[in-house]
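Produce the complete structure using the sequences and hints provided.
Number of protein chains: 2
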Amino acid sequence: MLELKVDLGDRSYPIFIGSDILSNPNYFHPYITGKSVAIVTNETVAPLYLELIRSILADYNLTVVTLPDGEQYKNLETLNLIFDKLLQARHTRKTTLIALGGGVVGDMTGFAAACYQRGVDFIQVPTTLLSQVDSSVGGKTGVNHALGKNMIGAFYQPNAVVIDTATLSTLPDRELSAGLAEVIKYGLICDPAFYEWLQENVERLMSRDPEALSYAIHRSCQDKARVVEADEKESGIRAILNLGHTFGHAIETHAGYGVWLHGEAVAAGMVMVADLSFREGKLCKEDVDGLVALLESVRLPTQPPSGISPDRFIELMAVDKKVLDGQLRLVLLDSVGSATVTDNFNPANLMDCLEQFCS
Amino acid sequence: MLELKVDLGDRSYPIFIGSDILSNPNYFHPYITGKSVAIVTNETVAPLYLELIRSILADYNLTVVTLPDGEQYKNLETLNLIFDKLLQARHTRKTTLIALGGGVVGDMTGFAAACYQRGVDFIQVPTTLLSQVDSSVGGKTGVNHALGKNMIGAFYQPNAVVIDTATLSTLPDRELSAGLAEVIKYGLICDPAFYEWLQENVERLMSRDPEALSYAIHRSCQDKARVVEADEKESGIRAILNLGHTFGHAIETHAGYGVWLHGEAVAAGMVMVADLSFREGKLCKEDVDGLVALLESVRLPTQPPSGISPDRFIELMAVDKKVLDGQLRLVLLDSVGSATVTDNFNPANLMDCLEQFCS
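Those protein sequence lines, which keep their order, are chains A and B. Each residue of the first sequence is one higher than the last, beginning at 36 in my numbering. Each residue of the second sequence is one higher than the last, beginning at 36 in my numbering.
There may be inaccurate statements among the hints.
The list makes no distinction among identical chains, and a pair is therefore deemed to hold if it is satisfied within one copy or across any two copies.
[What the hints assert, rightly or not] Below are the EDC-like pairs computed for lysine to aspartate or glutamate, each with C-alpha atoms no more than 20 Å apart in a straight line:
hint	residue 1	residue 2
1	Lys317	Asp387
2	Lys320	Asp369
3	Lys320	Glu390
4	Lys268	Asp156
5	Lys268	Asp45
6	Lys129	Asp94
7	Lys40	Asp266
8	Lys320	Glu331
9	Lys129	Asp156
10	Lys317	Asp369
11	Lys120	Asp104
12	Lys70	Asp369
13	Lys70	Glu86
14	Lys40	Asp104
15	Lys129	Asp266
16	Lys129	Glu238
17	Lys129	Asp378
18	Lys320	Glu231
Honestly, the hints are just simulated from the structure, not real lab data.
Laid out in structure tokens, this is it:
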């Protein structure tokens, strides 16, 4: 069992990483303050893991909210289903929500916790690789809007994050790959040694070697915690965690939520960023090719879907949260292992990049 | 012009109270950080005051969101109308929202500011007495749910509160009275000298004497700021601001949002609390009668609507946010000018109280 701490003053919390820890009360009971708990999960995850957690919550007033599965349900309407259930079961502001599922469940449960009676406690129990290495850590919560991804939400930290690596045994291959996109991202933005390790261990990860997966999760959470601690509310450096996300969100919005997995869109977005960074003279051609090769070995897409034009890209990127007062900002790579948020790039290079990928 | 400060560390902000200050840029420009502003108002207020504010915002990218007027629109669906407009007009996380209207507009705009792109700046410009003395100060934002009032929301402080007392000249009599309910509340819970002043000056207030109204607003905001500073997120003492609100919310939910004005429901609720406090041996009969007389002179209701049974009251109060782990807590009066939050009261006294008022 590995334990990490996200150090945010009075909003600090532990991340537990281990195998078969979902039915261990030690990772849950100390982080539940009242007598009531509501588990929010989805139709896919509930049959697999709900009973494990339920077994250690016999002493609490328990409500289970089972949502439909998919990014297309990450909206205000589905969020209201959580509020309906909480109010019907008379949950007070002393209740604790438990998010059992992937990134969609985690983001929505966290936002529900932020808003229900102006704020209740919650615990993240991510069951996909992507949510374990990314969305469950750092307190970004929210839902999508028809006009943009994650446009409605809150910064709201959990009481604890419980990562059971055994849940990865039931994860579909496609979602494993999508999670690895975010893992690779950490190497690219701030951890060159980890990036090298990933290049050397990609086969072990793809064959779900438990030790390799645990290491990758731990290292990713560590990298993310370090960035979040430096800039909780993304007024600066935290934005580097969005490497590839501006292009990626445009792809997701264009394709329709749920058609491309988030990690898949981020993978294609990272290649586009690498290409733009190369055009800006920041990255060498070998590094771009190396990234494409790494993503291909993880069976991730390395270009956007056909049918999305450069103009459509620009239009969709214009609503990105990193746009400030009309100026598009992007996370660019200075080298493998180092990223910067900047609006200082040649627009012609961006257009060339978009035209290359949209041809 | 009077100025107050709400002292909450890095979330501190000023309250400006004056006549004809809506078109004075000094109260707005320093509190707008970016180049974009969105004014959120409603159909009733827009024709009266929108142009005044708009006149000083010519240098900003300006969006106006006009909502339907009424408590029945204070819900997630209407909130989403604000997000629609902000996204359509490409507002970024550097935008500033301005809430121009009463409590409903203020609560919804504040909550929209808390959630839009995980948090943007906002300014409160309350145009009703009730919102000037209560909802615009202290950072409680949110919307109603069919199963309970203000059940979804956030603690989110504005950058500034601009109170133009000239707006009260267009306020309907019924809303003036409703606002005075909250003014009287401050006297009851923490300011006996102000309560005495109110008893002596009720006629001046009802005839809209500008000096008397300004004084009452300033003193109310001062009392509220003091309580909020001591306990921003209502873990303790702040709950006394809810005097009469547990009964009041039950009345509002039962009657249907918008049928009773919030202040009217609070007035009836305060009488019920005074009665229960009397039954608990805390308040003398003269004080209860004095409160009824004061509320009557302000033309406020002093009992709940007919047709609401004691059992229905109990059921509706059970979802109140002050219920913790199944235990109903109420704000009771120890004397005129002093209140306590407690679950330590005789349930039989509560039932007697409900039966008296529901006969």
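Indices of hints not satisfied (ascending): Going through the list in order, the structure violates hints 12, 14, 16 and respects the others.
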